Amino acid sequence: MSFYRDVTRKPWNTVGLPEGIEPRPAFNMPNEKVALIIFATCASVLFSLLVVSYFIRMTVGDWVPLATPTMLWVNTGVLVLSSLCFHLAVLQSRKTGTVRFGSGAGLLSLAGGLLAVLFIAGQYSVSGQLLAAGHGLRVNAANAFFYLLTGIHVLHLLGGLWVWGRAQLRLALGANVDRARLSLELCAWYWHFLLVIWAILFYLLAST
Amino acid sequence: MAYVPLADQDDAHALHDPQSFVTKYIWSQDHKVIAIQYGGTAIFVGLIALGLSILMRLQLGFPDTVSWIDPAFYYQAVTMHGMIMVIYLLTALFLGGFGNYLIPLMCGTRDMVFPFLNMLSFWFYLVSVIILLASFFVPGGPTGAGWTLYAPQSISHGTPGSEGGILLMLISLAVFIIAFTMGGLNYVTTILQARTRGLTLMRLPLSIWGIFTATVLGLFAFPALLVSAIMMGFDLVLGTSFFMPAMMELGAQNDHEGGSPILFQHLFWFFGHPEVYIVALPAFGLVSDVISTHARKNIFGYRMMVWAIIAIGGLSFMVWAHHMYVSGMNPYFGFFFATTTLVIAIPTALKVYNWVLTLWQGNIRLNTPMLFAIGFIFTFVHGGLTGLFLGNVVIDVPLADTYFVVAHFHMVMGVSPVLVLFAALYHWYPKMTGRMFNETLGKTHFWCTFLGTYAIYLPMHYLGFLGVPRRYYEMGNTDFIPETAQALNANITLAAIFVATAQILFFINIFWSLKNGEKSGGNPWGATTLEWQTPDTPPKHGNWGEELPSVYRWAYDYSVPGMDKDFVPQNEPGEEYEKSAHHHKGA
Amino acid sequence: MAIAVVIVLLVVGSVVFHFVSPWWFTEIASHWTSVDFTINLTFWVTGFVFVAVNLFLAYSVFRYRQRKGEASKAVYEPENARLETGLTVLTTLGVAAMLAPGLFVWAQFVSVPEEAAEFEAFGSQWQWAFRYPGDDGVLGTADIEHITETNPWGINPDDPNGQDDRVIKKPYMMLPVDQPVKALLRSRDVLHNYTVPQFRIKMDMVPGMVSYLWLTPTRTGVFDILCEQYCGLGHHIMRARVEVAEPGQYAAWLQEQPTFAETQQQPDADLTAGQQAYTVCASCHGQQGEGNQAMNAPKLAGLQPWYIDRQLRYYQEGVRGAHEDDQFGRMMAPMANTVASPAARANVSAYIASLPAAPAASTLTEGDPGRGMRIYDANCASCHGDDGMGSWATDAPALAGMDDWYLATQLQNYRDGIRGAHREDDYGYQMTSMVKAMRTEEQQNDVISYINTLR
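Protein chains in written order, with this note's numbering: chain A, 107 to 314; chain B, 64 to 650; chain C, 18 to 472.
None of these hints come from the bench; they were simulated from the model. Owing to the predicted nature of the structure, the values given are computational and were not obtained by experimental measurement. Ideal Cβ placement from N, Cα and C applies to all residues, glycine included. If a hint is listed, it holds; no wrong ones were tucked in.
The calculated EDC-like cross-link candidates involving lysine to aspartate or glutamate, where the alpha carbons are at most 16 Å apart (straight line), are:
| no. | chain 1 | residue 1 | chain 2 | residue 2 |
| --- | --- | --- | --- | --- |
| 1 | C | K90 | B | D629 |
| 2 | C | K186 | C | E279 |
| 3 | C | K90 | B | D627 |
| 4 | C | K199 | C | E135 |
| 5 | A | K116 | C | E96 |
| 6 | C | K187 | C | E260 |
| 7 | C | K187 | C | E441 |
| 8 | C | K187 | C | D442 |
| 9 | A | K201 | A | D284 |
Stretch by stretch, here's where chain A covers chain B in the computed footprint (C-beta under 8 Å, at least three residues):
| no. | region |
| --- | --- |
| 10 | 319–333 |
| 11 | 608–621 |
So that you can see chain A by itself, here it is in the shape it has in the complex:
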C-alpha cells in the first residue's frame, strides 16, 4: 500500500519530484466522491453509536419491544426500488456516455428521487399510524428509539434529496454533462449507503 510506503520512507533523503510532474492525489477519484465516502463514514459512526445506545438502553427492565408495522416492508421495497433506479441510471449513463433531462438515465434518476420522496411519505404515515395506535414517544424507550432512528435516517435522505433536486434542476437547464454524471453517481452511492443503513436499522427494529 502506497500509504504505508509513504510513511515509512525517510523524506529527507530524496530531493526532486519522485512521483513525476503530476500531482498525486491519495485516491484516484473526484474530490466529491472522496468527500462523500468520508461523510458516509461519519454517518456510519453516528448510526453505530445510535445502535450501541439502543442495545445498552434495551437491557434496562422497562423495555417493551415495538411490534414492527407491516407497512415498513412496503417502505423498504420503495427504498430498494429508489436505489435500483439510481443504479440503473448510472449504468445507463455509462453506456451512453451522456445524461440529459428526458434521456433514459435522466428519467431513471428522476424516478429514483421521487421514489425516495414516496419512502419518506411512507415513513411519515407509519409514524402517524403508530401514534394513532397509542405508541407515542413517551410510552416506552423502544418507541422513542423507533422515531429517533427513522427520523435521523429520513433527515439523511432529505440531505440527499437536496443534492438530487439541484442536479435535476441543472439537468433541466442543460448543464454540462460531466457535472451531471458526477451528481448522478454521487446520488447513487449515497442512496446505496442509506439503503444499507436502513436495512440494518430495519433488521434491528424488527428483530428486537
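Fit chains B and C to the known structure of chain A by using the hints.
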C-alpha cells in the same frame, strides 16, 4: 470520468475572483478570508469566556465583592466558560482558523476543494455562536449544568437554565457540529487530494499532519456529541427516557423511567476525550513548525512525530472512560482504561523529547513565537505529567472532581494550546498581514502570560491534593480546609486578573502593527514551507499567481550541510539525488 | 537567555513549592494507604521526568541560542533511531512502573471483603440520608416509587427485611473503627457523589442503580462528607459528616436510631393537646397563628408541621436562639421548652398546621418584584418551589404568604451568622450560603417583594 485536480482548474478559479467588498470580505469563499472570519469570531467569543472565568475567580478569591454573582450565575459562568473555551474557541480557532489558513497554502493549492461549502461552514459556525450567546438572554439564563451537560441534572429543575438555556445549548452544539462537518470534509479532502506536485504525504509539514489527524478525529467524534445532544433534546422536549431515569423532583416523581445517565456519559466522553486531541494535535503540529523554523534545525525524528500523531489519534478513541472511573460504571472497566490511558503517554512523551531534541544543537532565535513555543513545552510537560496521575485509576479516585483536575486540564488543554495559538499567531502574522509585529510588546505579552498562568495553575494542583472540590460556589465550613487555602485562592484570582489584563498587549500589538509594523517581506523567518514562498504577501486570491509551486524536498531542510543559506524552501529545485543516510554526521 | 534562566527557576521553584506547601493530602483515616503509596511513587517518577526534561530544555536553549555577532549553524540531524528507541523503552518502563501498582491496588478496590458490613448512603438534592441494616443484617429493598413524605428513603414497605433497618434522616452517620464496611450508594434524583477526603475514595451515586465502595476506617474522628459530582444549584451545600467511633460507641449510637417500622408507626398527632399547648404561644403569635409584628412574633399558620417541629427542637437544643445577638430568638428559646417532648412538639406543630392561613399583610414598601423574580427563580425556587410553598423533599419551609418583615430579619440573621451557623443546624447552614444570592439590601428587598406577590 477523468480526474481533474483542482490545482489545474486555473480558469475556473479566475472566474471566481471576487469583485465587490461584500463578496470579497463577507460572503467570501476565499480560505484566507474565511480563516480570519473564523479566527475573529472564535477570539471574540473566547474573550467572553475569559470574562466569565474572571467573574468565577472573583467569587472564589474574593467572595462578596460582586453582589450579583449568585450561586446560579456562578454555575452558569462555569458551564459557559468551559463550553465556549473547548468548542467555540479552541476547536474553531485551530481548525476553522489555522486549518483554513494553512492547509491550501502549505499544500500548494489555490483554495479548499469545496470553497462554497467552506463558506457555509463559517456561517453555520457563526449561527451556532449566536444561538449560544442568545441563551444569556432567555428567561432562566444559559444552562448551568457544567460543560459536560450530564443527565439528568442538565434538564432537571434544580439546575440553572434547565428550561431555555439547555435547549439553546443543544441546538447550538448541533449547528456547530454541522458547521464542523462541512469544514472537516473540506480539510481532509483538500489534504488528501489536492496537494501540489511533488508534495508527498511525508513531505507535509507537521502542522498539516496535526490538523489532518485532528479533523479526522473530529469527524468521527462529533457524531457522538450530536447523538447525545439529539437524544437529550428528545428527553427535554418530547419527554422520552433515553437518559432520564425515574427520579424525584421537588417531592414528586417525574414522568421518566429507565433512562441511563451513564449511557450519556459514555457517549459524551466518546466525543469528549478525542476532543482533547482535536485541540492538542493541531497545537502539536503548529508548534513543531515554529520550533523547527526558529531553531534553524529540522524537526528531530520527523517520522516518529508523524507516527506519534497517528498513534495518539487512534488511541484517543480507546480511553474515554478514564473520565468515568468514579461514575458508578462497572469498576472492572478501570483496568482496561487505565492501561490504554497510560499507553497514550508514550507517543506523547516522544513528541516532547523530539521538540527538545530539535532545540539541542540548534541555532535558536529567541523571538516572540519561539518564546511561546518554549513556554508551551514547559507547560505541556507539566500538564502531561499530571495526566499520569489522573489516568491511573487509583490515583484518580482521590483526585477526581477536585481542583487537581481543574489545574491539570487547564495546564494541558488550556494554557498549552493557548501558548501555541499565540506562538502561531505571531509566527504567521507577517504572512497574514505583510507586517511585523512589535517584538518588545510581544515578549512582554509572553512573560505576563507564561508566568501568570503558571502562578494560577501550579498552586491550584495543591488545593486539589488537599481535597478542595471543584464546581463549588464557595467552600463554607469545611474542617479539613485551612484558612490559608482562601488566601491562596485570592492570590490565584489576582494572577488570573493579571493574565487576563495582559492580553490587551496582544490586541494592541496586532492592531497597531497592522498599520505601523515594519514591512515583513514574503519570508521574514527564512522558513522552508510553501506558505512563505507565495508571490504576494499577504497572499492574493488564488495564492500562487500564474503557476502552482512544485515541491522538491521535505519541509525541514534547515542548515543542510554544504548549502550557503541555512534553509532551502520546499519549492526550490535541487539536483535530483538521494542524500546519503550518513550525510548528517558531516556537519 | 532569560527564558533558560526562568525555566530553571520555575523548576527549582516548583520543587521547593512542593516541599514547603502546607496544602497537602489530609491525614488518612482509612486503610487505603496503598493509594497514597501509588501517588508518592508517581510523584517520584513524574517529578524526575519534570526536572530532567525541563533542565535539559533550559540547557539546550542556553547553549544553542543565537548570539549577536557570532555566526553559528545548527547541526543537521533528521533522526537518531537508537536514541529514539532508547527513549521509547525508558518511557515505557516508567509508565509500567506507575501503572502496575495502580492496577494492583485497583484490584483490591473492586473486590470487597466478605466480612464488610453494609450501610447505605442516599443522596438527594441537596440532602443526605443514611440507612443501616437491622438485626437481620440485611437491607430491605428500596425504590423511587416508594418515596413519600414519611418514607423519604423509598424503602419497600412490604419487604420484611426493611422493617428493622435503622434509618437516619439527617446529615450525620457513624462508622466503627477498624472494621471493613461497604457503602451502597443510591440517589433519589440526579447524580451525586460520596466523598470523604480522609478516606481517599469516592464514588458517584446514580439514580436507578446502586454503586459501591468499601474501606476500613483506621482512625476515630469526625470527617466531612462532600458531594463531588456537580448536582445542581445546591451542590456546594450538600454536606454531611461521618464520625468514626469505637465499636461500642457505634453500636450504642446505632441502637438509638429509629427502625424503619418505627418511623412508619407514628401515632396521629393529638390536635386537642396541641391546641392546649398552643395557648402559651398564642399570647405572642396570635390565636390563629397570624403573628404580631409589634411583639416580633412571626406568623406561623401556613408553615409545614415538620418545619415547626424541627425549629422547636432547635430552640430546645440550643441550635437556634442561643446566639447572643439573637435578641428575639433568645426570647423564644425558653418558650419552646413548654413543648419539650417529641410527642408534645408533634401535637402543637400539627395544630398550628391546621390553622387557617390567610396571607400576612405586606409591610415592605421598597423592592422591585421583577428583579426579585430573577433572583428568586434562579436561586430560591429550586428548594422553596416556584410558588414559594416549600417542600418536604428539600426540607424547605413555605415562604409565600408569610410575614415579609420576618423573612427580612431571618435573611439578615443568616447573613450575620446568627442563624444557621450552629453545627447541628442541618439545613440552616445551607441558607447561610444561599443568602449570598442577595448580598445587598436592595436585592433582598427585591426578592421579598417578589415573594409578597406569591400568595
